[in-house]
Amino acid sequence: MEEKLLEIKNLEVHYITETADMKVVNGINLSLEHGETLGLVGETGAGKTTTALSILNLLPSRVGKIKGGQVLLEGKDLLKEDKEEIRQVRGERISMIFQDPMSSLNPVMRVGDQIAENLELHNREKRSKEDIENRVCEMLELVGIPSSRRNEYPHQFSGGMKQRVGIAMALACSPQLLIADEPTTALDVTIQSQVLTLMEDLKKKMGTSILLITHDLGVVAEICDSVAIMYAGELVERGSIYDIFEGKHHHPYTKGLFGSIPDLTAKRSRLTPIDGLMPDPADLPAGCKFHPRCKSCMEKCKIGAVPVYKNGSHKIQCHLMEKEEKDGWKIC
Amino acid sequence: MNKRKNKQLENLASRPQSGFREVWHRLKKNKPAMAGLIIIMIFILAAVFANQISDYEKDVIEQHISRRLLPPSTKHLFGTDGFGRDIFARVIFGARTSLFIAFSTTIVSCIAGGILGSLSAYYRKLDNIIMRIIDTIMCLPPMLFSLSIVAALGPGVRNLVIAVSVTMTPYFTRVVRASVLTIVDSDFVEAARSQGAGDFRIIAKHIIPNSLGPIIVQATMSVSFMIMLAASLSFIGLGVQPPTPEWGAMLSEGREFMRYSWNVVAFPGLAIVLSSLSLNLLGDGLRDALDPKLKD
Amino acid sequence: MENLLEVRDLCKYFKTPRGKLHAVDHVDFAIKKGETLGVVGESGCGKSTLGRTLIRLTDADSGEIVFDGKDIMKLSGREMKKMRTQLQIIFQDPYASLDPRMNVLDLICEPMIIHKMLKNDTRRREHALELMDKVGLARRLASAYPHELDGGRRQRIGVARALALNPQFIVCDEPVSALDVSIQAQILNLLMDLQDDMGLTYLFITHDLSVVRHISDNIMVMYLGQCVELAPSDEIFDNPLHPYTKALLSAIPKADLSRRGDDRKIIRGEVSDPIEPKPGCRFSGRCAKCASQCLGKDIPLKEETPGHFVACTLYEQEEI
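Residue numbers (the numbering used here), protein chains in the order written: chain G, 1 to 332; chain Y, 333 to 628; chain V, 629 to 948.
It should be emphasised that the hints constitute simulated quantities derived from the structure, not laboratory data.
Just so you know, these numbers come straight off a predicted model, no measurement behind them.
Ideal placement from N, C-alpha and C gives every residue a C-beta, glycine not left out.
Please note that a few of the clues may not be correct.
Think about it this way: if two alpha-carbon atoms lie no more than 20 Å apart in a straight line, the pair counts; the simulated PhoX-like pairs of lysine-lysine are [said to hold, decoys possible]:
hint, chain 1, residue 1, chain 2, residue 2
1, V, LYS648, V, LYS906
2, Y, LYS537, V, LYS709
3, V, LYS648, V, LYS925
4, Y, LYS457, V, LYS643
5, G, LYS255, V, LYS882
6, G, LYS300, G, LYS248
7, G, LYS248, G, LYS310
8, V, LYS906, V, LYS917
9, V, LYS643, V, LYS930
10, V, LYS709, V, LYS698
11, Y, LYS537, V, LYS744
12, G, LYS255, G, LYS295
Derived, one-sided and incomplete: chain Y residues facing chain V with beta-carbon distance under 8 Å [as the list claims (entries may be wrong)]:
hint, residue
13, ASP387
14, SER518
15, ASP519
16, PHE520
17, ALA523
18, ARG525
19, SER526
20, GLN527
21, GLY528
22, ALA536
23, HIS538
24, ASN542
25, GLY545
Take these sequences, add in the hints, and give me the full structure.
In structure tokens:
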């Protein structure tokens, strides 16, 4: 069996401040194959960004503490690596692009130099200056920016182009995994279209796996192969793109998310949002974290751990699945 | 989303309390700042209750040549000076003088600077005029500037206050202007305008209360600076006139006795240092407590 | 139904070192009482500036804004202040649009105090509490401060505040863009309920076409300060005419698998410079169907089918 590229096992992350202990990620299990694009979906406060930062050990050092679990990159646990080894991984085997293209670029450095910096930091093949220069031009062309612009500064580019530069930087060393944290949220929808197409092309050309963090189910539908839905630090549903968009059964939260999306085809009807708000990570409800907002809440949802039910590639963490045994749902 | 999420986490973490309590809670944790607060409170209490602690006429003004330059003892805690006056009593009453000057000049500069700074930031046309005048004044070293004003007006407490206030107003103007500028384009100011609020209401109710942080810090630091400025001016004889006790003047008088009566300059000097230092520490602590985001 | 608002030939320019920035360029439209006009476009199209000029937060350079029969551009300061009770705005950023030093009740009462509405504080507070009920804010939150509440609740405060003076017309400047999807839905529903309940008229500004369909009767598509298409909602979605509108619609990712694997029709290039634009269609640089008649002179808005206006040379020939 082919080894998975990335496996996250039982990851638990807390943010500990003077006044509260916030359980931001509560035991999630996730895996990613080579060349797969996984969409990690959830709303603000679900814990998606924290999960991404934990993979590369980039949590804010004063408050972010990884309390347990493993993050296996091709079998090796990244959480146990020392500083030097993690630095080797960052940028070379796993890269990250962020939501705000403005903040990930150094305003006083030319864009070409910033891409080159990444290459210089991971210069295992001992590339010469000329080689690095060529690679920088190559990357810029790859993302659709004329290489003649490599001596310009970030403020001379528009938002969409800055994000492309960010992508060029992230992919310069041909990483195996690209973590994209809401890469198109801050961009106009037509530019978003361009950037998503670019990411797809690059994925095909370079075989990179992508962990795409987003709240936009539309984006997920277009470029992801599989989806994981996160709520209050837990994965409530997981499956292939077809399981999630065309499957018969879903977690109540997932149904709520789909119901909240304004539909281009319907008109002037009321949307069906989910009542209430995501729980405070310092004060999580017992049992199923979604139960206070769930219309199908039962007594057993309020206490104890919720089992994960599996049907092929589709996994749902909900007591309601107990009734669907005839459709192939079994406890994992 | 990152910004929102971080903000949400920040909000949840700081456990809601009204503005003032939140600030106090944070300040309490800063040990140097609390030390500063305690020390300056001691000085203030000493200044307020000076009459209860010593007798003004007997200890501070009357000269007793027979007991000049006595070292510290149980009768005279800090010893006596060249005129036989009790140094401890003089330091306590000196606190009254110094602190009065420092606080009153701070209040005057604060109000003047506040008005000028707000007008400057809110009305761009006035901005140029006001700021060029401010810039010109700030080119002159503060010490020299206040010196020249006192020299022109004559020595004495009232003129000292005028001179120091005029010297310090530009600093407040700048701080207030910068503070107001960051807020004047905010959405909530626009919201107030959209509801029909007039300029005065916007400045008084929305802008100033939200700019107080940096102003309070500047004020605290200023008091500290003014204590030293007043002491310096009195040291060269241009401030408070004898026999009124003032720390800087005491330093000046005590210079000739420094070599064999260390206590004559040590205690006034220590008073200057401690009072300024404590205000500096408090000011630093307030800056951190009022805007914790800066610290992180 | 009468037109509550009529805008004619509205222009707003900003002076920059490089020249005049055409933020809003000769825009015309009308909104009937009780209806919603959705204004859609991407960054730099001028929709926010348009919203602000309508309520005179910034003053337009030329044109007419006729509200309830009166041209508000011509009003004096005092008259305009009175008019403000009728024209309100809800801002995009629920974090920045509320004074952090005021609690919920103060924020909602503020407009009433400014206009000396209702005789005393007690009555004003009562009204504020009623408004809180109307927008779905629990009364116990009355003494809470904005930083203690989440985005959705803060935006509800913004809505309550806008309603405090009983306005007829509200500019909604991207009111849900900064909120999570499920909260967006709650606020959109609230806005629609209030419109039905109180007969409000909205100008709904957004960059999100899917959101605007739910709430708008008519939609105006803007590009670089100009209106390129104006039509009833259904028309825009079922029968888009302008190439930009078509591109915008096709760029929206759909939350289903129907278009997976299709070649996305993406528009090439970036938005052109809004400073001193050359005469002619401003979309020409990115339009697949650009032809020589698109350049050189400005393209006016023409009524292609009843109620459906478009500014594009593709439809000019079909004029009778």
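So, going through the hints one by one against the coordinates:
Pair hint V:LYS648 plus V:LYS906 holds up; C-alpha atoms about 12 Å apart against a cutoff of 20 Å. At most 20 Å may separate the alpha-carbon atoms for a hinted pair to count; Y:LYS537 and V:LYS709 meet this at roughly 18 Å. Between V:LYS648 and V:LYS925, the direct Cα distance comes to roughly 18 Å. Compliance with the 20 Å bound is thereby established for this hinted pair. Taking the CA atoms of Y:LYS457 and V:LYS643, the gap is about 16 Å. The hint holds against a cut of 20 Å.
For the hint pairing G:LYS255 with V:LYS882, the CA-to-CA distance comes to about 16 Å; that is within 20 Å, so the pair holds. With a C-alpha separation of about 23 Å, the suggested pair G:LYS300 and G:LYS248 falls outside the 20 Å cut-off, and the hint is violated. For the hint pairing G:LYS248 with G:LYS310, the CA-to-CA distance comes to about 13 Å; that is within 20 Å, so the pair holds. Taking the CA atoms of V:LYS906 and V:LYS917, the gap is about 19 Å. The hint holds against a cut of 20 Å.
For the hint linking V:LYS643 to V:LYS930, the alpha-carbon distance of about 30 Å lies beyond 20 Å, and the restraint is violated. Between V:LYS709 and V:LYS698 the CA atoms are separated by roughly 14 Å; this keeps the pair inside 20 Å, and the hint holds. A distance of roughly 16 Å separates the Cα atoms of Y:LYS537 and V:LYS744; the hinted pair therefore holds under the 20 Å criterion. Straight-line distance between C-alpha atoms of G:LYS255 and G:LYS295 comes to about 11 Å, which keeps the hinted pair within the 20 Å bound.
Taking 8 Å as the C-beta cut-off, the interface hint given for Y:ASP387 is violated, the closest approach to chain V being about 48 Å. A cut of 8 Å between beta carbons decides the hint on Y:SER518: the least distance to chain V is about 6 Å, and the hint holds. Taken as an interface hint, Y:ASP519 checks out: its beta carbon lies about 4 Å from the nearest beta carbon of chain V, inside 8 Å. Of the supplied interface hints, the one on Y:PHE520 holds, with its beta-carbon coming within about 5 Å of a beta-carbon of chain V, less than 8 Å.
For Y:ALA523, the suggested interface contact is upheld, since its CB lies about 5 Å from the closest CB of chain V, less than 8 Å. Using the Cβ-Cβ criterion of 8 Å, the hint placing Y:ARG525 at the interface with chain V is satisfied: the shortest such distance is roughly 6 Å. Because the smallest distance between the Cβ of Y:SER526 and any Cβ of chain V comes to about 5 Å, under 8 Å, the interface hint for this residue holds. Restraint check, Y:GLN527 versus chain V: the minimum CB separation of about 4 Å is within 8 Å; hint holds.
Interface restraint check: Y:GLY528 against chain V, minimum CB-CB distance 4 Å, threshold 8 Å, status holds. About 12 Å separates the beta-carbon of Y:ALA536 from the nearest beta-carbon of chain V, more than 8 Å, and the hint is not met. Among the interface hints, the one on Y:HIS538 holds; its C-beta lies about 5 Å from the nearest C-beta in chain V, closer than the 8 Å criterion. Because the closest C-beta pair between Y:ASN542 and chain V is about 6 Å apart, less than 8 Å, the hint holds.
Interface hint at Y:GLY545: violated, since its Cβ lies 11 Å from the closest Cβ of chain V, which is beyond the 8 Å cut-off.
Hint violations for this structure: numbers 6, 9, 13, 22 and 25, all remaining hints satisfied.
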